[in-house]
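2 protein chains.
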Amino acid sequence: MSLSEVNSFSRPQNPSPRSDEILDMIRPTFAGKGFDGASMQDLARAAGMSVGNFYRYFPSKAAIVEAIVMRDMAHIEQDFSEVILAPAPLSELRLKLSQRLNDPNCAQDGVLWAEISAAALRKPEVAQIVAQMETMVLSYLLTVFVRVTGLQDVEVARKYAPHAGLILMLVRGNAIQKAQETALGHNHKTYGLTALIERQIQSTLDEISNVSDKN
Amino acid sequence: MSLSEVNSFSRPQNPSPRSDEILDMIRPTFAGKGFDGASMQDLARAAGMSVGNFYRYFPSKAAIVEAIVMRDMAHIEQDFSEVILAPAPLSELRLKLSQRLNDPNCAQDGVLWAEISAAALRKPEVAQIVAQMETMVLSYLLTVFVRVTGLQDVEVARKYAPHAGLILMLVRGNAIQKAQETALGHNHKTYGLTALIERQIQSTLDEISNVSDKN
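For the protein sequence lines, the chains are A and B, in the order given. Residues 1 to 215 in my numbering are what the first sequence spells out, letter by letter. Residues 1001 to 1215 in my numbering are what the second sequence spells out, letter by letter.
Be aware that a few hints might be false.
Stated by the list, open to error - Listed below are the simulated DSS-like cross-link pairs for lysine-lysine, each with C-alpha atoms no more than 25 Å apart in a straight line:
(1) B/Lys-1033 - A/Lys-33
(2) A/Lys-33 - B/Lys-1061
(3) B/Lys-1096 - B/Lys-1159
(4) A/Lys-61 - B/Lys-1033
(5) B/Lys-1061 - B/Lys-1033
(6) A/Lys-61 - A/Lys-33
(7) A/Lys-96 - A/Lys-159
(8) B/Lys-1061 - A/Lys-61
Claimed, not checked - One-sided excerpt, in silico: chain A residues whose CB lies under 10 Å from chain B:
(9) Phe-35
(10) Ile-116
(11) Arg-122
(12) Arg-158
(13) Leu-170
(14) Gly-173
(15) Ile-197
(16) Gln-200
Quick caveat, the hints were computed from the structure, so don't treat them as lab data. A virtual CB, placed ideally from N, CA and C, is assigned to each residue, including glycine.
All chains, please: the whole structure from these sequences, using the hints.
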């Protein structure tokens, strides 16, 4: 995975506020019935639109997944631009990851992520969207690592792409775990897993900061 | 999560060889179309049976998930009984986890796990099955940790339940990641993530073996 791949990521131009509003309206139906369980009729109804009109905004379910992913990406981009511009980028990254792990809303993201991950394994068009999104997040992380270590892009990608992948997996695993706890209700005890995940992420980042100390 | 909860896990008695054979026949359809996308008609057809006859084996899709999970659990139980009886249980656990992470078949498990995890967040009956299975795996891990550290059950559960949960998350995350790489084809490079996941699991287990050295 090379840093330049981030540039091959085709981002839709300025999604309209109306599409955004529709996404908010259909999100619970999409998460509740699943990619295959929710029909375009169900989704149009949730958006309060005729099926014909709904298709003008979202021609397919893959288009809906893409819109959901793009919206998440906009937030992630915002976070990373703050990290990269910060005086101490690695400390800022540690802080942002900690906030995300402990965000009570991450259970909702977990439901959608579990759904999108499963759909990606059945639908090549969804797999492409997810892969592009992951490539982009990994590239952002590697950009931070380049900034922090002072090493060359290629060297950082070769050595630390697995570190970036592990961090992404742990953040997503944490969200899906919280979603599962929410689904099971209050009888299911949380047992300190988030704290240990955070410790693992921090120790993974320590390997990057150790390189930086040596340079 | 207490160790005794493992006993509350209701295991179906000796699933028939015929059910086992049906599971093998429907597994690709179930994984390919998804929990909601595969109808009971699709599944009966995949098994070469009439719908009426199929319902006698599996009265619902949740029953199919349960049967898949129970079959996986039988393998997991076998592995853990070997670990617990081994002269050096922690070394044996490290070895078995390493084999599982690097097993080429784990991509197939990843597809089913992604599907079952997503379905669990929409269907309470699936959530219960997944939670019981996780409780059982965590209890087995904690039993190994008790054996290794010489600490009391309650102490081990309090201190090391997060470690067990993290290991389960990493093993599952690795399988789902491999499934995703398979879905994307050979253009998608693997980049050493499994090796880093293995290192993280081993260092998580080091915390247990360090306790054991002190006792």
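The hints, checked one at a time:
With a C-alpha separation of about 14 Å, the suggested pair B/Lys-1033 and A/Lys-33 falls inside the 25 Å cut-off, and the hint holds. Pair hint A/Lys-33 plus B/Lys-1061 holds up; C-alpha atoms about 15 Å apart against a cutoff of 25 Å. The straight-line distance between the Cα atoms of B/Lys-1096 and B/Lys-1159 is roughly 23 Å, inside the 25 Å bound, and the hint therefore holds. Note on A/Lys-61 and B/Lys-1033: the hinted pairing holds, with a Cα-Cα distance of about 15 Å set against a maximum of 25 Å.
Among the hinted pairs, B/Lys-1061 with B/Lys-1033 is consistent with the structure: their alpha-carbon atoms are about 13 Å apart, no more than 25 Å. For the suggested pair A/Lys-61 and A/Lys-33, the alpha carbons sit about 13 Å apart, so the restraint of at most 25 Å is met. A hinted pair counts as satisfied when its Cα atoms are at most 25 Å apart, and A/Lys-96 with A/Lys-159 qualifies at roughly 23 Å. Between B/Lys-1061 and A/Lys-61, the direct Cα distance comes to roughly 23 Å. Compliance with the 25 Å bound is thereby established for this hinted pair.
Given the 10 Å rule on beta carbons, the hint for A/Phe-35 holds: about 7 Å separates it from the nearest Cβ of chain B. The closest approach between the C-beta of A/Ile-116 and any C-beta of chain B is roughly 8 Å, which is under the 10 Å cut-off, so the hint is satisfied. Interface hint status for A/Arg-122: upheld, as the beta-carbon distance to the closest one in chain B is roughly 6 Å, under 10 Å. Because the smallest distance between the Cβ of A/Arg-158 and any Cβ of chain B comes to about 9 Å, under 10 Å, the interface hint for this residue holds.
At its closest, the beta carbon of A/Leu-170 sits 8 Å from a beta carbon of chain B; the interface hint therefore holds under the 10 Å criterion. With its C-beta approaching chain B no nearer than about 5 Å, A/Gly-173 sits inside the 10 Å limit, and its interface hint holds. At a threshold of 10 Å, the smallest CB-CB gap from A/Ile-197 to chain B is about 7 Å, leaving the interface hint in force. A least Cβ separation of about 6 Å between A/Gln-200 and chain B falls short of the 10 Å threshold, and the interface hint therefore holds.
When each numbered hint is compared with the structure, no violation occurs for any of them.
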